[in-house]
Amino acid sequence: MKQLLSFIRKEFHHIFRDKATVMILLLMPIIQIILFGFALSQEVKNTKVVVLSTTSDEATRRIINRIDASEYFDVVGTVHNSDEIDAAFRDGKAKLAMIFEDHFSENLKHTGKSHIQLIADATDPNAANSFMFYASNIITNYQQDISQPQSGGGMIVPEVKMLYNPQMKSAFNFVPGVLGMIMILICAMMTSIAIVREKEMGTMEILLVSPMKPMYTILSKISPYFVLSVINFATIMLLSVFVLKVPIAGSFISLFIVSLLYIFVALALGLLISTVTNSQLAAMMISGMGLMIPVMLLSGMIFPIENMPAFLRFISNFVPARWYIDAVKTIMIKGLGLGAVLKDVGVLVLMGTVLVTISLKKFKVRLE
Amino acid sequence: MGVRGLNMDTVIKVENLTKRFGNFTAVDNISFEVKRGEIFGFLGANGAGKTTAMRMLCGLSIPTEGKGTVAGYDIFKQPELIKKSIGYMSQKFSMYEDLKVWENLELFGGIYGMNDKVIKQKTDELMIKLNFEDERDKLVKSLPLGFKQKLAFSVSIFHQPQVVFLDEPTGGVDPITRRRFWEMIYDATAQGITVFVTTHYMDEAEYCDRVSIMVDGRIEALDSPDNLKKQFNAKNMDEVFQQLARKAKRVDN
Amino acid sequence: MYTIEVKNLYKNYYSDKSGKFAGIGKKPNTEDDSNSVPLQGLGAGISFDVNRGEIFGIIGPDGAGKTTLFRILTTLILAESGTATIDGFDVVKDYKEIRKRVGYMPGRFSLYQDLTVEENLEFFATVFNTTIEENYELIKDIYVQIEPFKKRRAGKLSGGMKQKLALSCALIHKPSVLFLDEPTTGVDPVSRKEFWGMLQKLREQGITILVSTPYMDEASLCDRIALIQNGQFLKIDTPQYIVSQFADVLWAAKSDTMHKLLEDLRKDEQVKSSFAFGDSIHITSPLNPPEGDLNSLSIDKLTKYLTKIGHKNVEIKEIEPTIEDCFMNLSQTK
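Residue numbers (numbering that gives the first Met the number 0), protein chains in the order written: chain U, 0 to 367; chain W, 0 to 252; chain S, 0 to 333.
Simulated from the structure, these hints should not be mistaken for lab results.
No residue lacks a Cβ here, since even glycine has one placed at the ideal position from N, Cα and C.
Accuracy of the hints is not assured; some may be wrong.
Derived Cβ-Cβ restraints for the label pairs, each shown as a range [said to hold, decoys possible]:
no.: 1; chain 1: W; residue 1: Glu32; chain 2: U; residue 2: Arg365; range: 47 to 57 angstroms
no.: 2; chain 1: S; residue 1: Lys155; chain 2: W; residue 2: Glu32; range: 30 to 40 angstroms
no.: 3; chain 1: U; residue 1: Lys18; chain 2: W; residue 2: Asp97; range: 28 to 38 angstroms
no.: 4; chain 1: W; residue 1: Gln120; chain 2: U; residue 2: Leu34; range: 54 to 64 angstroms
no.: 5; chain 1: U; residue 1: Gly289; chain 2: S; residue 2: Ala246; range: 58 to 68 angstroms
no.: 6; chain 1: W; residue 1: Lys76; chain 2: S; residue 2: Ala246; range: 58 to 68 angstroms
no.: 7; chain 1: S; residue 1: Asp48; chain 2: W; residue 2: Gly21; range: 36 to 46 angstroms
no.: 8; chain 1: W; residue 1: Thr63; chain 2: U; residue 2: Glu199; range: 45 to 55 angstroms
no.: 9; chain 1: W; residue 1: Arg245; chain 2: S; residue 2: Lys6; range: 38 to 48 angstroms
With a cut-off of at most 25 angstroms between alpha-carbon atoms, the simulated BS3-like pairs for lysine-lysine come out as follows [stated by the list, open to error]:
no.: 10; chain 1: U; residue 1: Lys363; chain 2: S; residue 2: Lys307
no.: 11; chain 1: W; residue 1: Lys121; chain 2: W; residue 2: Lys147
no.: 12; chain 1: U; residue 1: Lys212; chain 2: U; residue 2: Lys363
no.: 13; chain 1: S; residue 1: Lys266; chain 2: S; residue 2: Lys200
no.: 14; chain 1: W; residue 1: Lys246; chain 2: S; residue 2: Lys200
no.: 15; chain 1: W; residue 1: Lys116; chain 2: W; residue 2: Lys91
no.: 16; chain 1: W; residue 1: Lys149; chain 2: S; residue 2: Lys155
no.: 17; chain 1: S; residue 1: Lys200; chain 2: W; residue 2: Lys91
no.: 18; chain 1: S; residue 1: Lys271; chain 2: W; residue 2: Lys248
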């Protein structure tokens, strides 16, 4: 045990004495989140709104007034049919359209139920998501006000419709994507480089010619990168919740468990790379080209998997990040529990087990 | 061994050359001259400042103080011209292992601006002289160490430099190859090339016309091997070296 | 029982760097046999034994197979055929046992450059399940010289100091056998002498040392040596015995024009070999010339001849061969 602890301490020395690398590893997630997050505009103030209403009644006017009064919206005009909405969106004259159903007030009074359709230009999905949320809020507030006994009450049902990007692809996608990428980078690339460096330096020879168990060598090489990955996970979570306002809809514990699993798979990959390479350069090339590019292109982070050609879709099944990103989306955005990601978890467990078995088999007790 | 060649002009001349890194003086106020056609042995313990001094002479590092010329060019102002007029060979890097013998010659000839016709002609001559005609199309990495060494030296003087710097050229080589290598050095001086060489083999110090011994960044002794042996009352150069280098205070580099 | 027993060891090893045969033993079934000399009675592989408490030197140039041999004996690579035991343990079967009891200093500097002197030593102590205090006596003489710099990173040490640190690290677990692969390569003569002084002291403490070096002058500091070239042992014995077995007559020649002297001697057919050796030229000629051969070479004859063709102050005397002379002589007779 003392052997292991002393070895792990040495690994932390290696990492923290290489200040430049530590800074890069710790700052990288922050920079990536900020770049991805702010490249997508967060500005939803004074969103331009057009209104389509056939009957100009009291309730309609009040809702329009409330919307207009809010700092988030500017009602810029009225339109008369859905073609004009399209035109307004295309010309950039409006981002949001509100369509009141016929006889809005009357329906509300008599049936106690009325519909408003909210149509958003979702080309900037992040922004669309935000202002849709604000608009719904305003309408709900209005509804609560009129629910007072003297007003007669009623229920307004907003129907939300996103144009151009109906599934809100990539809205919150980049957070899971960045998670998937950073973990691979730190665990797989850095671990493999760290092990191969011992080979290059000749220190591996001395370690081999010692009673040190190979398992200890592996564990201690892995541990600092495990810690770094957990730190990065926490950084990304904090940034996405507090800076990007992307909430964690599901359980944080589930998210953490899935992430640990993914880190494990990534470390196993790094280990495998280190057993087949003898130079830091080769390790970097393999993890760079062999891991980063599939993570970026085949994991669903940038291109939706369902739109890929069958062959690439097949290949994407072997990219661990694909399953991880899917699981993170399900838990973090859809708010579902571990039960909903059993398939993802199963695949990751399988991948991890296979990789660890292969690399332990390949990890040599000799030089060749 | 006497001084070869009639042309006695000076190829290397340095005065009060100093190089400091922060408050560490790697090379401390050294002065010496090397004559054309001379074999100049540059000895010193590890960390005495040999490598730093040699880098300055090769135009790779600008001195902190002092002045000097190599091949007639100023080491402060004309390092690029110096690089054109010198050759360099070290044990660590000699040639591109994954290129063929003639490709290496062509490459280095090209780097030094020789024209293709001259390169081809000189390559032919060299292959005959070294008895290398069969190896011409072989990859350098397939050659035995001794061959590589001969070839590396030939490459370093391929462009007829005024002076060639040899940094521990014979490390790890078997004793016969080592001696054959020195015979090649003699041939080069016969062509008028000046040789500036470092070595850890003290018997090789005896083959030099003059030897300087650096201790803690300074040149503590400079003379012909015979004179040095007399001066230090020593049987051989090893004893001279041991007497001087033991005085070293500096333990780090 | 010998501390190290090597029988018929053979390894056909191609180094990745040069793609050349860098192994030990004789390459079997090859047309190109010019590189390897099978030693009589040893068959295809190499064999030798090392006694307890002995300094055994493996002496030969780069690429002779020294590192391959060290790696087989330290259980880092497997031989293709032949057996080897360390302290009675087989290098293949009992590699775990061997790894507990040997110290190894590989050829290149292999400590952690970004750890301090002290951290390196502590690390290797724990790797071998021991502490610095436990075996401090053994490394004391060496370590006190670098102790003033214990807070310094190993990468910032000079060559000689690195070497002392590496030796301290290899000794920290009080190994019974110490393997030193070219510990003095690239090290200046003063530090080399110091290093060998340290080895003598370790031997007094009963540690068996197998050491390799390309410097022939270090041979006389070993109890026994093996001269190695192209993966073959040219000779195994004490340095004194090897010197006494020198097959030819050896003379040292000097004149005022040394370079011309060498050229002229090379032209002389009766001179078997002539090479520069420090300030003189060493000449060998056959010890037992054919009987009644009036032309056989003598110092007198050669001096007269050289003077006649224009050499001044010719001086030739018979000398004791050095190990380097022996090595050259043996490797030429192949």
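To see whether the hints hold, each was checked on the structure:
1. Glu32(W) <-> Arg365(U): 47 to 57 angstroms: Holds, at about 55 angstroms.
2. Lys155(S) <-> Glu32(W): 30 to 40 angstroms: holds (34 angstroms)
3. Lys18(U) <-> Asp97(W): 28 to 38 angstroms: holds (36 angstroms)
4. Gln120(W) <-> Leu34(U): 54 to 64 angstroms: holds (59 angstroms)
5. Gly289(U) <-> Ala246(S): 58 to 68 angstroms: holds (60 angstroms)
6. Lys76(W) <-> Ala246(S): 58 to 68 angstroms: holds (59 angstroms)
7. Asp48(S) <-> Gly21(W): 36 to 46 angstroms: The hint (36 to 46 angstroms, Cβ to Cβ) is violated, given that Asp48(S) and Gly21(W) are roughly 53 angstroms apart.
8. Thr63(W) <-> Glu199(U): 45 to 55 angstroms: violated (34 angstroms)
9. Arg245(W) <-> Lys6(S): 38 to 48 angstroms: About 44 angstroms separates the Cβ atoms of Arg245(W) and Lys6(S), which means 38 to 48 angstroms holds.
10. Lys363(U) <-> Lys307(S): violated (68 angstroms)
11. Lys121(W) <-> Lys147(W): holds (18 angstroms)
12. Lys212(U) <-> Lys363(U): Measuring from Cα to Cα gives roughly 11 angstroms; hence the hint holds.
13. Lys266(S) <-> Lys200(S): violated (48 angstroms)
14. Lys246(W) <-> Lys200(S): Roughly 23 angstroms separates the two Cα atoms, so the pair holds.
15. Lys116(W) <-> Lys91(W): Roughly 30 angstroms separates the two Cα atoms, so the pair is violated.
16. Lys149(W) <-> Lys155(S): Outside the cut-off at roughly 34 angstroms; violated.
17. Lys200(S) <-> Lys91(W): Violated. Lys200(S) to Lys91(W) sits at ~33 angstroms, over the 25 angstroms cutoff.
18. Lys271(S) <-> Lys248(W): Answer violated: Lys271(S) to Lys248(W) is near 47 angstroms, above 25 angstroms.
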